[in-house]
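Asker: Here is how the chains run, residue by residue.
There are 2 protein chains.
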Amino acid sequence: MQVTIAGLDGVPLVQPGDDVAGLIIDALERSRLVPQPKDILVVTQKIVSKAEGRYVDLASLDPSKKAVELAGVTRKDPSLVEAVLSQSTEVIRAKPGVLIVETRHGFVMANAGIDQSNLEMRDGSARILLLPEDPDHSARQIKQRIDARFSSDTGVIVSDSVGRAWRLGTVGLALGAAGVPALLDRRGEADLAGRRLEVTEVGFADAVAAAAVLVMGEAAEGRPAALVRGFEWSAPARPAAALLRPKAEDLFR
Amino acid sequence: MQVTIAGLDGVPLVQPGDDVAGLIIDALERSRLVPQPKDILVVTQKIVSKAEGRYVDLASLDPSKKAVELAGVTRKDPSLVEAVLSQSTEVIRAKPGVLIVETRHGFVMANAGIDQSNLEMRDGSARILLLPEDPDHSARQIKQRIDARFSSDTGVIVSDSVGRAWRLGTVGLALGAAGVPALLDRRGEADLAGRRLEVTEVGFADAVAAAAVLVMGEAAEGRPAALVRGFEWSAPARPAAALLRPKAEDLFR
Chain A
1 MQVTIAGLDG VPLVQPGDDV AGLIIDALER SRLVPQPKDI LVVTQKIVSK
51 AEGRYVDLAS LDPSKKAVEL AGVTRKDPSL VEAVLSQSTE VIRAKPGVLI
101 VETRHGFVMA NAGIDQSNLE MRDGSARILL LPEDPDHSAR QIKQRIDARF
151 SSDTGVIVSD SVGRAWRLGT VGLALGAAGV PALLDRRGEA DLAGRRLEVT
201 EVGFADAVAA AAVLVMGEAA EGRPAALVRG FEWSAPARPA AALLRPKAED
251 LFR
Chain B
1 MQVTIAGLDG VPLVQPGDDV AGLIIDALER SRLVPQPKDI LVVTQKIVSK
51 AEGRYVDLAS LDPSKKAVEL AGVTRKDPSL VEAVLSQSTE VIRAKPGVLI
101 VETRHGFVMA NAGIDQSNLE MRDGSARILL LPEDPDHSAR QIKQRIDARF
151 SSDTGVIVSD SVGRAWRLGT VGLALGAAGV PALLDRRGEA DLAGRRLEVT
201 EVGFADAVAA AAVLVMGEAA EGRPAALVRG FEWSAPARPA AALLRPKAED
251 LFR
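Same order as they appear, the protein sequences are chains A and B.
Note that my numbering gives residue 160 to position 160 of the first sequence, counting from 1, and the numbers run on in steps of one.
Note that my numbering gives residue 96 to position 96 of the second sequence, counting from 1, and the numbers run on in steps of one.
In case anyone wonders, no lab produced these hints; they're calculated from the structure.
If you're wondering where the values come from, they're calculated on a predicted model, not measured in any experiment.
Be a bit skeptical, because a hint or two may be false.
Heads up, the list lumps identical chains together, so a pair's fine if it works in one copy or across two of them.
List of simulated lysine to aspartate or glutamate pairs, EDC-like, C-alpha gap at most 16 Å [what the hints assert, rightly or not]:
{"id": "1", "residue 1": "K38", "residue 2": "D26"}
{"id": "2", "residue 1": "K65", "residue 2": "D153"}
{"id": "3", "residue 1": "K66", "residue 2": "D19"}
{"id": "4", "residue 1": "K247", "residue 2": "E133"}
{"id": "5", "residue 1": "K76", "residue 2": "D153"}
{"id": "6", "residue 1": "K95", "residue 2": "E249"}
{"id": "7", "residue 1": "K38", "residue 2": "E249"}
{"id": "8", "residue 1": "K95", "residue 2": "D250"}
{"id": "9", "residue 1": "K247", "residue 2": "D19"}
{"id": "10", "residue 1": "K95", "residue 2": "D77"}
{"id": "11", "residue 1": "K38", "residue 2": "D77"}
{"id": "12", "residue 1": "K66", "residue 2": "D77"}
{"id": "13", "residue 1": "K66", "residue 2": "E29"}
{"id": "14", "residue 1": "K247", "residue 2": "D9"}
{"id": "15", "residue 1": "K76", "residue 2": "D18"}
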């Protein structure tokens, strides 16, 4: 079994309202990459969010009392904290330099996944970029366009890079997914000794995203998508929302 | 940029005392896979632990009072809990069905990473398999052998599959690494807008392991290694120990 991950060059800088699927299709065609069934296109959330116009001008926000308090605790900009809170259902941890929340999507992330880097400045104003409103939906929309253009059944993952509780360094994961079993359930299968496997739910889309994000590189390199080829599966597609651990099972909040 | 991940077939079941590097070299040669500089060989901890004889017969253990108490809380076998405690420096969470510890290596993991599946049974006795004593050292040893045989400078990662606090499904990560920048530091570089990147420590070895573990598949398929080709880096090699978040920065214990 061999898997290839090809970084997709030639996607231009994305602006609000851009047709991100169309830009990716153009780049695929220019790169002579033709998606096949069971290929997986990984797209960074950054260009999805940009196309969806998820910018916020920090100056436009009026920080609440709670945001000002948390800004004191975390030593962050009160307007940024206001933006984080607007995207969150719960503050998980707050201390100097750190604000970890559960986002409205259910992701436990620093700063609600808000991106403060790589944003083209207009007249010095500070814009931030929120996560896509519904990354699984974004993935489905891109998948429909890819499949229509290439007559394929191509998986799509919307990726992000996140920190971890007990490990240094960011790794990619799947915020959204379509056409892939984001969570792959292998419970009940037997191992080599005929014993039933106990823990075999596999974070498939997260692991695919982790590798693809490495190939895409940091955004500085301007390669916001990658095509992954060679994985096989028979399990039904499940969205990235299936990867969220239910709150009742969460031991760390 | 294109990365390929080739699963390595033909590695036999490993027994204590086996020369795991030699078995991998044989399998690489039979597969006509010749490691090149900057290739990364990912090897599952399971065969490394087996070769290192990290088996424990549960019946040989005499559970301490603390182990018996924790077995009550977690509803686990007191002997298994004894084994977990023997490999741990701290119990992080214990509740029915769950025992999360910090291992002597510094990994925060369920059951100290002890493997209860895929262990060939002898006369019905229950054996478990501990993690390698020093996975970075194991990786270095394998690297030396691979490099000597193929005149290469090949990275080696010793991988495992672990659960996550807020996500369902296991993903691969790097327990040990040699010849790769396990943690890749890109702080200080500029983004497209000329802004300094704030968070750019990348969990390189973890992300490589995540994808390789998918290609290796579950152990049931008997493919315990994969060769990853196509990544470029100029950063110095760092062991997987560099990926451990210092306890003082840990917000979740």
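Asker: Check each numbered hint from earlier against the structure, then list the numbers of those it violates in ascending order.
Answerer: Violated hints: 1, 2, 3, 4, 5, 7, 9, 11, 13, 14 and 15; rest satisfied.
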